[in-house]
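Asks: Letter by letter, the chains look like this.
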Amino acid sequence: MRQLFDSNTWQEIFQSISRNKVRTFLTMIGVFVGIYIYIGLSGASKGLDNGFEREFESVAMNSMFAWAQSTSIPYGGYKTGRQLQLKLSDVQTLQNRIPEIQYIAPRNARGVFGDTAATVVRGLKSGNYAIYGDYPVFTRIATKKIYDGGRFINDEDVEQSRKVCVIGERTQSELFEKDEDPIGGYIRLDNVYFQIVGVHKFTPGGGFESDGDIYIPFTTFKKLYNTGDDVSWLTIAAYDDADVVKVEEDVKTILKSIHRVDPKDERAFGSFNLGEIFNRIVGFANGLTFLSLIVGIATILAGVIGIGNILLISVKERTRELGVRRALGATPAEVRNQIIIESLFLTLLAGIIGVIVGALTLKGIDLATQGTDFPYTNPTVPIPYVIGALALMVVLGTLIGLIPAQRAVSIRPIDALREE
Amino acid sequence: MIEIKNLHKSYKMGSNSLHVLKGINFSVEEGELVAIMGSSGSGKSTLLNILGMLDEADSGEYTLDGVPIKNLNETKAANYRNKFLGFVFQSFNLINYKTAMENVALPLYYQRVARKEREKKALMYLERVGLKEWATHLPSELSGGQKQRVAIARAMAAEPKVLLADEPTGALDSKTSLEVMELIQKINDDGNTILIVTHEADIAQMCKRIVHLKDGVIVEDKKVKQVRASSYVQ
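Which chain is which? The protein sequence lines are V and D, in order.
Taking my numbering as reference, the numbering of the first sequence is continuous, increasing by one, and the terminal residue is 420.
Taking my numbering as reference, the numbering of the second sequence is continuous, increasing by one, and the terminal residue is 1234.
Isolated chain D (complex conformation) (with noise of 0.2 angstroms):
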């Protein structure tokens, strides 16, 4: 699904240059869960950024389902967004104006899916997150783990390839971040293909493959037994 070959990428800091991503090699297959650790610095959510077409590796190939990702403009980058990739990030970033249901519509509408079938869309996989009954709430009257789930319903309706997640458990209590897990899990069973950034090791267990980034290399990268999120519920 993910092929990635010498990937290197560095930032401009005035005048020094800041070698953040030292030739990353790398490859996904359909249906894996990933988890990229690392301490801060590592790398990692550039990793997660060039895999998600927000930011652009200076040398290196990057293949996505097939498709050679190169020489991106912004539109090129954003249809490519729409229809490959579905982000969860660590601030929810719903819009604060839209109800839950018209936010996990949004990227339906950036596929030109029709108002009547997009909101058909959105209140089904609403209720894949348990949140049906919510679907007219606005996100202000929605609990953190209620606000992430919704994230994860709207990464999911576009219906991509690979869901990128950002530290999606980062701003939740332990409870919650289980409760996104196990619905993270639940997704991944149904053989969506997820990448995982985060620095907590447990939530890492429950992925079924650890990478571990440190300097802009990877140091480590084994498959583990997946701690299942329901076993830690009583």
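This is chain V alone, in the form it adopts within the complex (with noise of 0.2 angstroms):
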């Protein structure tokens, strides 16, 4: 212990390791590229990790979507190929015989799915977009990041039937001059005006929706369009610690017994469930750091074996200098620190390097992809990945440095001097 910190041993290292320029730099390349490949590996799949969360985050991770297609079975007196209609009494019904269901959001929607979208007038200025008929309950599921001064649709609006809505970024900019505030205004959606509450945000990810699409009461929509207790489909968001895929199964079930479909009818009702995507990207991301982590580890381990190894010839390159040593009075114990010691700083010099040009190539691919849609952010290894890989290396350097520097000490001194 005394010997690390004297500056003398030092002198002796930097010496040692200067003067055989060659040697170090082959010695420290393997360790290098691993803790390299480590931090670049694992700070990728942070990045991706990240990217994949931003992707996502404005919907909730554990929720679902549910709709009605056609039957394929004939059931119950019915011929197959019945079309078949989500009812508003659907949901209650969902919500009371499903424990998990923590929120659940049915909405309507037009010119989403191949039929018209509205035509949305203002002044001399016009265009079509999709129009949606929500409940407030929809923004506990799909976070809706409204702009200053505007709000959601809220539950008065649905009560009185209210004709406001919330437009997008993109009418917004369609529809009004740069600096006009849109909030109180009013815009013509088929013929009826409405009164614009807010401006929603867009975030992209989430699947059909898109800059212009303009929100309105589900009871507003339904008196406009004439759709009574229709549903177009079901957003629904199940507790965070309930299994979402069950309740997906348990959805179905249900809806199949309220519309009297045959219980073994797959294509009755579609649902889309975010949760699994979610956690096949989560595990996928998942994989990747535990792929980085074993890459790195392994390659960190061939690096400092590789250590070792020139270690253990340079020693025995050094067997006639080791004996001089010695016979010139250097114990065995400085022998062997001297050598655990240079093993120690290869390892973590090597190490520290390998980090700092890790560290370099991320930013440098963070700022090549940034404004792209390529899932990729802040790639960022944890602090303590790295004091963990460079603890790793002050460990296995150690030991790898004990069998080189015990090899040394075993030589006696009166047979290092006689080889020749």
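The reader is advised that the hints may include incorrect statements.
As the list claims (entries may be wrong) - Here are a few chain V residues that face chain D, going by a calculated C-beta distance under 10 angstroms:
#, residue
1, Gln11
2, Arg19
3, Gly114
4, Asp115
5, Val324
6, Leu328
7, Gly329
8, Thr331
9, Ala333
10, Ile414
11, Leu417
As the list claims (entries may be wrong) - Dumping the calculated DSBU-like pairs for lysine-lysine here, alpha-carbon to alpha-carbon at most 30 angstroms:
#, chain 1, residue 1, chain 2, residue 2
12, V, Lys144, V, Lys125
13, D, Lys1005, V, Lys21
14, V, Lys246, V, Lys223
15, D, Lys1116, V, Lys21
16, D, Lys1083, D, Lys1005
17, V, Lys87, V, Lys264
18, V, Lys145, V, Lys125
19, V, Lys316, D, Lys1186
20, D, Lys1175, D, Lys1022
21, D, Lys1175, D, Lys1222
22, D, Lys1070, D, Lys1022
23, V, Lys145, V, Lys79
24, V, Lys222, V, Lys163
25, D, Lys1175, D, Lys1208
26, V, Lys316, D, Lys1222
27, D, Lys1005, D, Lys1208
28, D, Lys1083, V, Lys21
29, V, Lys316, D, Lys1098
30, D, Lys1186, D, Lys1132
31, D, Lys1186, V, Lys21
32, D, Lys1076, D, Lys1120
33, V, Lys125, V, Lys163
34, V, Lys125, V, Lys201
35, V, Lys316, D, Lys1022
Said to hold, decoys possible - FRET-style restraints, in silico, Cβ to Cβ:
#, chain 1, residue 1, chain 2, residue 2, range
36, D, Glu1159, V, Ala391, 52 to 60 angstroms
37, V, Ser7, D, Asp1190, 30 to 38 angstroms
38, V, Asp415, D, Val1219, 26 to 34 angstroms
39, V, Ile356, D, Tyr1011, 51 to 59 angstroms
40, V, Phe14, D, Glu1141, 53 to 61 angstroms
Calculated from the structure, these hints are not laboratory results.
Quick reminder that beta carbons are idealized off the backbone N, C-alpha and C, glycines included.
Each of the two chains sits in its own frame; use the hints to bring them together as a complex.
Replies: In structure tokens form, the structure reads like this:
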């Protein structure tokens, strides 16, 4: 220990390292590459992880969608191919029967799946936009960022079937002048005037939604388009600890029983489970992190073994020198420590250079992918991981240094000097 | 300075045991310059190795400057070597990536002398062997005689009680041998105890005492009239 903090020791080590530059360089390459790969890979997987999270941040992770299709099996006296229609009453039934459901938002839409979009007019400007009939609970499942000064549809809007709407950024820019405040303004939506109560900020990754969407209260939608109790689809969020895949099964089972569909009919109701997709992506990212850990550790290990190997050769090469040192009064402990410290120093130096170069590479990739669609954000390696890797190298460097050090000590000075 | 009583040493060579030293009794006073002579296999190097604590005797007593040398472990031997002994080898054994000065300073490093002090002392000893201006040169840039002089400076730097030289002129031509012997005589004149192993008679004649070894026993131990190396130089 005393030797470790002695400047003389370090002078000896620096000299031995700097006078054998090629050997030092070759020794360090292995560990350098190991830690570089480790930092690069785990940073990249973290970046992908962050990227996916960014893509999905606007939607609750344990949410799902369910919609009606047509039957594929005849049942209860009905022919096959019967077109099904979700009803508003289904919402209450599902809520009552499945306790895992936290929020359930029925939604109607126009202009989304091929049908004609609503014509929206303001003064001399007009455009076609998708219209959604919504309940306020929808924002509990998929967050909608509303610009300052505005709001989303609220409960009174629904109760009183108010003619209010939330428009998208694009709608705003197409129907309003740049410095005009749209809040409180009116637009004509399929020949009915609506007051604008908010502008929503578009977040990508939500599937079919766009920055031109217009949201109106569900009840207003019903009157405007005469949809009665029909519901286009249900957006359902389960509690955080619930298994959303099971909820998906339950929802479909109950819908089948309400609508008198064969329980075995797989095509009657469609559903899409974000949780499952998200889990798959998270699993992928986790797998990548794990892979980078394994590859990184294996490469570091290979590098450290390389250091041990080269030090072993170097000890062989320096047998005579070590013998002379022993004859001049170097104790076995001093010789052993010198070689261990040399191994440790080389390992750590190579490791730190690897960390720095790896971090720079990550930064470079981050800059190169910024502003693109590529799901890659803020590729960082957590400090504990870096410290862990360095600690691993310290341990391995010391252990591997023990082998050549022991070899060096086991040679008796008299034999070392006799060797020609 | 050195007291040896009934020293035995044998080496195991496979199943045979080779009895190299068969009861050596021998003592050296302070300030002596002793040549240990003998043909190859007479045990002279073994004796020097035991004196140098590089090897241990099987039986017998060895006292160095009043300190009984026995039951040595490697660490203890290293400390004694560092404190008591200076080594000069036939093949110089300088560390090839260190400059002349750094080589000379090495035993001081193991004595934990501070760097500044080390360098000062090393330069001083290099000056004594006449190589001060070669201080920053690597061994590869020195001639054989110069290398041996650096090695002698290194052996002296630790201020040892005894200087042990194993064939110090063995790898040198006769002219350089004389230079090295002149240096050794000069160091001896300053009061240092020196033991030289050699098989060259003329080198032995330059010492003050010759010990003849044959088949592991001392056959002759006589004081001689020293021939000064400088007398050969024209």
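Asks: So which of those numbered hints doesn't the model satisfy?
Replies: 3, 4, 13, 14, 19, 20, 23, 26, 28, 31, 35, 36, 40
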